[in-house]
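Protein chains: 4
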Amino acid sequence: MLHFDSDYMEGAHPMVMRRLCETNLEQTVGYGCDEYTKQAKQKVKEAIGMPDAEVHFLVGGTQTNATVIDGLLRPHEGVLAAETAHINVHESGAIEASGHKVLTLPQHTGKVLASEVEKYITDFYRDETYEHMVAPGMLYISHPTEYGTLYSLDELTALSNVCRKANIPLYLDGARLGYGLAAQGTDVTLKDVARLCDVFYIGGTKVGALFGEAVVATRPGILPHFFPLIKQHGALLAKGRLLGIQFDTLFTDNLYQTIASHAITQAMKLKQAFVEKGYRLFIDSFTNQQFVVMPNEQIDRLMQHATFELWGPRGETETVVRFVTSWATTDEAIDELIERL
Amino acid sequence: MLHFDSDYMEGAHPMVMRRLCETNLEQTVGYGCDEYTKQAKQKVKEAIGMPDAEVHFLVGGTQTNATVIDGLLRPHEGVLAAETAHINVHESGAIEASGHKVLTLPQHTGKVLASEVEKYITDFYRDETYEHMVAPGMLYISHPTEYGTLYSLDELTALSNVCRKANIPLYLDGARLGYGLAAQGTDVTLKDVARLCDVFYIGGTKVGALFGEAVVATRPGILPHFFPLIKQHGALLAKGRLLGIQFDTLFTDNLYQTIASHAITQAMKLKQAFVEKGYRLFIDSFTNQQFVVMPNEQIDRLMQHATFELWGPRGETETVVRFVTSWATTDEAIDELIERL
Amino acid sequence: MLHFDSDYMEGAHPMVMRRLCETNLEQTVGYGCDEYTKQAKQKVKEAIGMPDAEVHFLVGGTQTNATVIDGLLRPHEGVLAAETAHINVHESGAIEASGHKVLTLPQHTGKVLASEVEKYITDFYRDETYEHMVAPGMLYISHPTEYGTLYSLDELTALSNVCRKANIPLYLDGARLGYGLAAQGTDVTLKDVARLCDVFYIGGTKVGALFGEAVVATRPGILPHFFPLIKQHGALLAKGRLLGIQFDTLFTDNLYQTIASHAITQAMKLKQAFVEKGYRLFIDSFTNQQFVVMPNEQIDRLMQHATFELWGPRGETETVVRFVTSWATTDEAIDELIERL
Amino acid sequence: MLHFDSDYMEGAHPMVMRRLCETNLEQTVGYGCDEYTKQAKQKVKEAIGMPDAEVHFLVGGTQTNATVIDGLLRPHEGVLAAETAHINVHESGAIEASGHKVLTLPQHTGKVLASEVEKYITDFYRDETYEHMVAPGMLYISHPTEYGTLYSLDELTALSNVCRKANIPLYLDGARLGYGLAAQGTDVTLKDVARLCDVFYIGGTKVGALFGEAVVATRPGILPHFFPLIKQHGALLAKGRLLGIQFDTLFTDNLYQTIASHAITQAMKLKQAFVEKGYRLFIDSFTNQQFVVMPNEQIDRLMQHATFELWGPRGETETVVRFVTSWATTDEAIDELIERL
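Protein chains in written order, with the numbering used here: chain E, 1 to 341; chain P, 1 to 341; chain Y, 1 to 341; chain Z, 1 to 341.
Keep in mind that a hint or two might mislead.
Below 25 angstroms or equal to it, Euclidean Cα-Cα: the simulated SDA-like pairs (lysine to any residue) are [unchecked claim]:
1. P/LYS119 <-> Z/TRP311
2. Z/LYS119 <-> P/THR330
3. Z/LYS38 <-> Y/GLU309
Please keep in mind that the hints were generated in silico from the structure rather than gathered at the bench.
Generate coordinates for the entire structure from the input sequences, incorporating the hints supplied.
The following block contains the structure:
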């Protein structure tokens, strides 16, 4: 059986696992105050070229989003996001559970438009009753998005400009950031992300770690008192060094980049195969998530050999399906899947 | 340098680590729907002798407490707990952040008295203005407590009876449950805990796992819709099998029990040494946390060779200090520490 | 200057005011435990023909919505509502502030369709990832809606059936319920509302009271422990009798109905005048809110003599405007406005 | 029957009621944007001698406390208060419901000591684990306290100094502020309160209004975006002018002060009678709440003629009881009660 359901089906990259084993019986202080964590933070700051940035390691994506957003908003504010945003759909109301509304914007294959963000803010403050409504206090975007799409440098710059003009922080959910940075044809680098966003996170869970997300606050003071907030959100790992060791490993010798590129290579092989075999791409994705329209018969046949996700409800005769590659996807698996298509 | 600061200074027990490595490149579905997790749940249910219990695996203690308490209380209710309870002191307001008040009871070396719980509840409903106050909706206890002390079977039974009579759930925080069950002279077994509590958790983080806590709901329906609540609290691990594999290992061949007993053996050696060398025990603890009163001079001298915690503020001439052993504490470390005393 | 901005521009109906003055120096216990409040509850129960209903008096609409919704939902649940619902737009995030998401449905002149509610619920539970999403835990509707429109008896019955089949409560926001019940051509009575909804509120603030909303829980036990929840939400009036006296007066001798009918009569005169003078109705409303499309020039001219609301942003050449009548709208004001049109 | 249960048993002072009647049919805009409210704010600012202060009118005490505290704290912070503070005991968890912990201090007849506040803060930041605990983010005091006691000018100054040194706001709950300012022998004036506190409220509900509390933010910017927060907390009155008119009346011709003095005069007569008749004062109160120890027999006898509160549980042979006077307490009632003693 082949598995293309998601990019979190394996454990960690073997290098990460090796370092966890090598250090396993060492004794360190808890809660991320250890040397491994300090070193990992240093490497992340070097990778983004920002010595003054603040880096925090959390365990998973939903808790990271909830904690960061809670740290960035005042009680009367909400977070702008695409209607398809993970925080709006698939986090069981974690944002609302800490008291904040998700203010939805139209999505364009998962992305928001700078012009629509700007219009939302302008219209909001033009409305005489705006103090009876939830104020747009920040913008949330994901890169890649939930649809595997990417912002261009121009688009990201435009969003950043709109946010800075409106004096609200721009927060980028990078659960799959590695795959976005390694994508074919992207003109957005990690340093661009750091320069244009106020806060973002570098996803580890889906890109080589057992678990872990690295939150980067690009300006000192933008996430004040973030440590107790991490604790309050139940997101503080007792053995914090586990996060430090993993990110230290991922940010040594370009490992993060290398393994992300591998996933993209595999995804592009798959995409090419889809096109060559005459399937219609639902989205022309350049990242590790591939969406394709497939006849139901073919889906049923393929499901005897491979697992993958139906994207939305099953259609009458054909359905959108999603195939996901990862740092761990082997050539054999790709070749066999292509053969089965 | 010797380290006796806490019981979460190392990684995982080597057997746990080995299983994580062996399974590392296997592919499984996420969020704890995998076979390892099912198997681990089964083993926990067998260990407590309750086939109908529900078991959930979460990552850490604070998030477990916050999620369980949120699941057990209605909005107008609060949680009764000793004033020294971890949820009242050291969780950065995680309980309040989900809207619930901690209703404090006097502590007796970290424990609450059944009679005082009963009096609180009786007095509460006798007060004519009780609907203006937060109703006692559940009782939180820790076993061992934050002071390393243990409830006797009689005490635990009395608490259980008071709660059942008042129709409120009894929740036991078992962050160090293994060390409690392995303690010298305790008459409380795991099956007693399961029989007398409504919900409890078996701590993994401090007893051999990299991380992880096993929540047991001993009656079906007492924690309804707990899965989305775990997600909402940011406590759902994407690679849920990591928790399953760890608890599966810990609950195979009595590993959990065996390694906890080791910590107790080491702690008892230490305690005996303290007594023999004339130190005054601050608490006569039978678990892996030992509290002793030490002259400040001796503390300063010892700190050149070992790390340990001051328990409360430094006194004029002497101070209470805490030494913690764990599954990983070696004979060499104990012997050297004893020699240094 | 004529005022048609809203239906809460005056104080209370003179009969209400008189009763408040007559009872002003009487001494009663607080918090709604007085005889006036008991009597008012009795009269409301008689008016809806449900002796077992529970009635609670709160001060304002937003607090009523937030408190009732908090009482009806479990933490993992959200409230279904039209995207234009007051709770989604104009309550400053009060619902989210108590931890719950508003799950939006398409609006049809302010109304939701039973078929779309049913589809939402069906699709939700069909989605394999539904436990990662906020569960639809109740339905919120307003009657009249924010657009002055009304559900027909068939529509309301269909919504009630969908909710009962899905086992979620139906909650009706009756901020302007009086005007809805008195509307021309409606086939929905107060008893229908009580029979088809699980909880609803009878608005006082906009229909003759200084302030006050009467929450009706039509089944015992559906809003358990609601008193402490009212207190917790800051919605408990110390001098609770002020609410009792007002609702007692409004529900004596059909006053609530009579004064609501007066507002409808005035609104219909206005509507007829709009039509006769060739204005295009934006919505064909049969309640006390009238929406009409007006050339901007005419708006500017009219604004020298009358106040009213622009409904949405000003258009290029014409704009939707809203005129609201109330129990207090005089014949003179209506005649003069019509003359000015 | 005589009533001494509380100071909110009547409606409003006749002057207040008269103004509400006189203005009843006037039309004004809602939500406190009317001229009466502006004028009332102006008068409050004049009374405290602070033209730059910001004044907001809310409906009741619990909602005022919850909204102000939510506005003053960041998510990781809690509010310091006496263990007997109204927010800690009698607000059904309203503070926790908006996510904040009440950090309790010892009470001294309802008051907190500056030295103990200072020690709490100092100890907190000295604790190495302080980032795992809820930070003291503000201080709440009541004046008069729940026990009718008052801070002296020295005590209030000391508290203010401690707070300013620690850079946390001092908030004073003035539910009965009028009675505090009018108390015999007090050296604290309204201007002192305004000068020494960061935020406080002037209680209307218990001092002559039907309802209403005037929040004063003595420094611009200390309660930013407070309007949407009032709305979010369900504390925004649609007909906001009702609050404006009441406070305008109370702050015209010293009415607030005059009627508060009346209550004190009556309370002092009562106190003198208690003393003369040999009762033991439980607290030597100089405000409108009088606490006295009374034999149970005498309580039972007196209860046939008067209502008053038992303060705490009934004792074996004697019990503490509370008698409350108000602006409305007549000479006849006092004389009759004294006669019955």
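Against the structure, test the hints numbered earlier, and report the numbers of the ones violated in rising order. 2
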